[in-house]
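S.K.: Could you put together the complete structure from these sequences and hints?
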Amino acid sequence: MSESTFMGVPRAKISWAPVIDYAKCTFCLECDKFCPHKVYEVNREERRLIVAHPEHCVVFCRACSKTCGPDALSFPNKAEVTERIKALRKEGA
Amino acid sequence: MKHWGILPCNGLDKPVGQLAREIALNLAQDQSKTLACPVLLHSAPSVYAKTKEETQWVVLDGCNTRCASKLAAEMGFSVGKKINVTKLVEKENLNLGHSLRLGPEELALAQRSAAELAAALPSTRTEGEEEAAVVRDEKAAGETDLDFPASLTYTEFRQDKFRFRVPEGEFFFNENDCWVWVRGTRARVGVSDYVQQSLSDILFFSPPEVGAEVEQFGVLGTLESSKAVFEVIAPVAGRVLRVNEELEGSPERVNENPYEQGWIAEVELTDWEADRELLLDAQQYLTYLKNKVADFHV
Ligand code: SF4
Ligand code: SF4
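Chains A and B supply the protein sequences, listed in that same order. Residues 0 to 92, numbered by numbering that gives the first Met the number 0, are exactly what the first sequence covers, in order. Residues 0 to 297, numbered by numbering that gives the first Met the number 0, are exactly what the second sequence covers, in order.
What the hints contain is simulated information worked out from the structure, not anything from laboratory work. Glycine included, C-beta positions come from ideal geometry on N, C-alpha and C.
If you anchor each label on the Cβ, the simulated ranges turn out as follows: (1) A:Lys37 - B:Thr286: 19 to 27 Å; (2) B:Met74 - A:Arg88: 43 to 51 Å; (3) A:Glu29 - B:Ser31: 31 to 39 Å; (4) B:Thr286 - A:Leu28: 28 to 36 Å; (5) B:Ala211 - A:Phe74: 18 to 26 Å; (6) B:Arg238 - A:Lys85: 16 to 24 Å; (7) A:Lys37 - B:Ser31: 46 to 54 Å.
M.R.: Given below as structure tokens:
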């Protein structure tokens, strides 16, 4: 079972996942090796890392970015995401 | 009496690495500090076997690969202070460019941050002083008006070789495995067993700044092991009143018990009623945690 809700809101409605800056990414794959949640996919032919399953990313986690030497990973603004979650909870209620 | 040692990353192939080395060189001008060569340490640890016992280390990582930190963890070094040069450069708004030779601006920064670092190193204590400090710290720890329970009871379960405890009583959790215990307008915050089990041996704690205002789900410091860096995700919004200073010298307390001696910080709450709505109570967290560990092996 994968977590399909976060704080009572469908995970799919929350946009939280890493964003890769391809100008910085060196394709070392440390982040992919680190994350156990199958968020990334690797395209070997094009030597390109892809955020294939953003919905698997743990909301508010940024752990993989702390393994990225060239600092190529960024995340959405937490306060905005929190506001969005609160709004979605209200809609649901 | 312990003295300070310096463990930088090797840093030859990156500008941030060169800067880490330069900071290390500046720090090492004070002859009382031992400068360790990371490459030698890696291939011949016995060279440092004796120094290791008597030394508290300043670890200098060039980038987020954290080679120096990982090496310190592998070697069982006691880390007293650390910096990440990538973060430092970011804070200074400095663009290092691609050249491996440092320019005047970078050299000045290296000098400045070495001086700041040296000034921030607590002077090393003699054994007698350490004992006195322990007594004082214990007293200080008792002087909280928070009235945190002296002992807790837990519901626990096992998964493989791991034991997970969830404290009973007035604890609330976020889904990022951090807890809060509230009394009036003040609260104590920490991480759950899940965090300490996933990190395994915690090597370093970077505390939040006392006085800082933190949003709910903001960062209340980080915990670091050889496996990962974990951001403590604030379950509540508030102003940091106090941090658990014991963790700076003994971060392993979080592994021993993250609910009692391994707590992280205390905060003055901003809006507990609103924060509460986004938290799980102990019973709900237990269910959540069971599903999570069943799903995903630590
Ligand atoms: S760790 Fe950073 S550089 Fe390496 S593959 Fe991931 S994003 Fe790219
Ligand atoms: S932020 Fe956390 S969950 Fe998301 S991809 Fe990175 S390590 Fe995985």
